[in-house]
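Knowing the structure of chain A, use the given hints to seat chain B with the ligands on it.
The primary structure of each chain is shown beneath.
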Amino acid sequence: MSLRYPLRDFHMDIFSCDVLVVGGGGAGLRAAIAAADAQPTLKIGVVSKVYPMRSHTVSAEGGAAAVIKTGDSLDEHAYDTISGGDWLSDQDAVEVFVREAPTEMLQMEHWGCPWNREPDGHVAVRPFGGMKVQRTWFAADKTGFHMLHTLFQTSLKYEQIQRFDEYFVTTLLVDEGRCEGVVAIELATGRVVAIAAKAVILCTGGCGKVFPFTTNASIKNGDGMALAYRAGVPLKDMEFVQYHPTGLPFTGILITEAARAEGGWMLNKDGYRYLQDYDLGKPEPKPVLRSMELGPRDRLSQAFVKEQEKGRTFEGPYGHYVHLDVRHLGQKLIDKKLPFVRELCLKYVNLDPVREMIPVRPVVHYMMGGVHTDINGATSLSGLYAAGEVACVSINGANRLGSNSLTELLVFGARAGRAAAAFTAEAPDASSSVATQAHDEEAHLERRFRQRDSVRSGETERIATLRTEMQGVMEQSAGIYRSAPTLEQGAAQLQSLQERLTRVGVDDRSYTFNTEITSLLELSYMLDLAEGIVHAALARTESRGSHQRTDHPDRDDQRFLAHSMVHRTSSGQPRIEYSPVTITRWPPGKRVYGR
Amino acid sequence: MASTITLAVTRYRPEEEAEPTVETYTVPFRKDWVVLDALNHIKDHQDGTLSYRWSCRMGVCGSCGMMVNGSPKLTCAAFLSDYAPGPVRVEPLQFFPIVRDLIVDIGEFLHKLKKVKPWIVRAEEQPLSEGEYLQTPDEVDAYKAFSMCINCMLCYSACPIVGLESHFTGPAAIALAQRYNLDSRDQGASGRVEILSDHEGMWGCTFVGDCSRVCPKNVDPAAAIQQYKLTTAVDTLKSWLLPRGSR
Ligand SMILES: Cc1cc2nc3c(=O)[nH]c(=O)nc-3n(C[C@H](O)[C@H](O)[C@H](O)COP(=O)(O)OP(=O)(O)OC[C@H]3O[C@@H](n4cnc5c(N)ncnc54)[C@H](O)[C@@H]3O)c2cc1C
Ligand code: SF4
Ligand code: FES
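Which chain is which? The protein sequence lines are A and B, in order.
The first sequence stops at residue 595 when you use our numbering, and every number in between is there.
The second sequence stops at residue 842 when you use our numbering, and every number in between is there.
Same shape as in the complex, but just chain A (with noise of 0.2 angstroms):
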């Protein structure tokens, strides 16, 4: 095969920087905020394979938790977070985050941010699942969308960011142990660029689009826990997905959590509140923290399948599903705090639920999962940060409680800014080996994706062909309940899939805005995370918080109250090894809700 190579008439850019950004979410842009306060005279990048403000921190909904009110503290928070995640978030951390998050919420206020407010103008909050005190800030239900703006928009008075944006990131940049940056692709113009940095950050968020059915939006392909895999850092508790038990059928839109907080109901297809019988406690007309639709998400989810086996939900064109009813709610309390979910009722799949019930099933939703952390961000590869959902610090632990993630973005976003700023002092510049190592990683984009054979040529396959079937394979054996057979067949299949990816053909021969190229990386991406989702899942034969296996349905704290690391090996495939879980001062214990 002959090697286009030099690739185009001109030469490749090295830009660089102190400290580089990798995703432009919450999390990104409060990490680049946050190295930007700490070191005012340090050059700070951020790269995004889309404009920040569609990153998909955009759609989150339902608020963000942090202690402020009185009746409430900081013991509290943490224990409802450490029960929620079963006892497999590392408490040290819990404790931080905690602890930060108050101040972390209230700068987002002075920056702007429109939060709902009591008549005497302090801050609002709403009761969520999983909480025992109402602590969770909102913005109606567009929280996400509200913080995503009102950070990208402070972050423009800070002359020293520099955006790179709708860059794709294909590789880090390694040399002797050290991250020293990263290769994009421009893609406006397809032009493949260096990015040099003393530090990176990886702020890319989730990979929900590993699954069929997902709240996440297109862009959510793990992009960045894929990067940091190949670059030898390993994957924490990858088994942990969460199913939300509230997504309209075939779209995946969520219905946010704050429609059940604010009083609506989980109904079966005789009308009944079914979740009472999943030791959730009893149904009372009005909210009550903890208990009933206010049970933690896990649980919430893995009673649908019980309800669904006991033939008691509906049956629609795309699969079972049930109702959840917030009718008794009124109109003027739904346009006053719900607004997005009348909106999306109504835009979405033409109903109003002010007057009728809303068709929901679980959806996957979240990762509780990512690159393996420490309390800074730091990974085990020096120079090499991760915040957000990207990461696994692990506060989360077997199950995060809706509210925390927008929370953790900004509190580990901005300990990772601090620290990566830090760690530039000490770090000497990017050594000569990168230009070498982009040209490398340009030259290997030029063989492996523009020269491959067509699809039109009829002798290969389509990306979404291998996208749709790995999906499939993740929903059979990774789904809300897993067992051995199932989990082996699925590894089995994900590597014949892998090996398939090879023979995926490429139609797109343009350098401009070549977004079928970066589909095939994101499946490329998305396939050894499946991997080691599967494999992470196998080895664990427990049962624990949304791991769940019905040959192994109990928690078993002697062997398994630890992080599963999933390490990528010579050959490609996962090896699976623990790590201890640290507690400091709550014991595992049994996880009680409505009572």
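Hints are computed from structural coordinates only; laboratory data are not their basis.
A hint or two may mislead.
Stated by the list, open to error - Computed list of lysine to aspartate or glutamate pairs in EDC-like fashion (alpha-carbon distance at most 20 angstroms, straight line):
1. A/K69 with B/E725
2. A/K306 with A/D270
3. A/K336 with B/D736
Stated by the list, open to error - Covered stretches of chain A (in silico footprint by chain B; criterion: 3 or more residues with CB under 8 angstroms from a CB of chain B, positions within the stretch not fixed):
4. 212–226
5. 247–259
6. 449–463
For clarity, every value in this text was computed on a predicted model and none was experimentally measured.
We put the beta carbon where it would ideally sit given N, CA and C, even for glycine.
Then chain B with the ligands, alone, in the frame of chain A:
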């Protein structure tokens, strides 16, 4: 109900062709599909080279704006059934340079956004340890509508002034300036007046209100422009009456 529907989609590959062309595709016609679903079907099963932006598919990321049968729309919220029996014309947003196919260059908007200083400006910052700035629900309501903009660019595509004068700050950016001006926590309004008042565009705006009509988030940028014109007019007047320093 017909089982298929035809889409006439603008194609433009700058490396291969000098001018945009139109390509037609036939896709399954399904009641619950939006235009974006049809484009995804084409990309996945018929033509992997078709390029467009999308992400959330729930009307909040602002990526998927295109002209559908001549009007600017979020394609993730535009049901195929509203355009049956077709063919449905899908084009890139008008008044923007085309990068490729359905993707337009919005770089200039990002410059405009920064120019209106869309952040809280205060003479003195209250330390975080003293808690939040108090703001009553009514004070939130004063600016809330203008804070709902998703930067989808539909209003720019609908604006006759933008069509004539692309440097016009434009509806969404002016609405955002006003969002901060009206925020009780902000003291930066005077710094945002100049940016807008020295501009022809705003004075050319005739309040046809096309921007507000196409806005999927009820931001009402036309109202923001009107308010701005008033304050600016009063301000200009004041500058005649009073010594500059006392403004
Ligand atoms: C519908 C929905 C509702 C939610 N509601 C809530 C809620 O109410 N409360 C709560 O606490 N949590 C909520 N969550 C979870 C929370 O929103 C997410 O976990 C969080 O926003 C993730 O933010 P992030 O900054 O880590 O990543 P994202 O916001 O996903 O940003 C990722 C960034 O990385 C960039 N990127 C990725 N790959 C590349 C690449 N290869 N090259 C360059 N750039 C790249 C992207 O462009 C993007 O800028 C919700 C999630 C969903 C899906
Ligand atoms: S004002 Fe409305 S139409 Fe204009 S960019 Fe904002 S959301 Fe879109
Ligand atoms: S895809 Fe996000 S607004 Fe349409």
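Hints the structure fails to honour:
Of the numbered hints, all hold.
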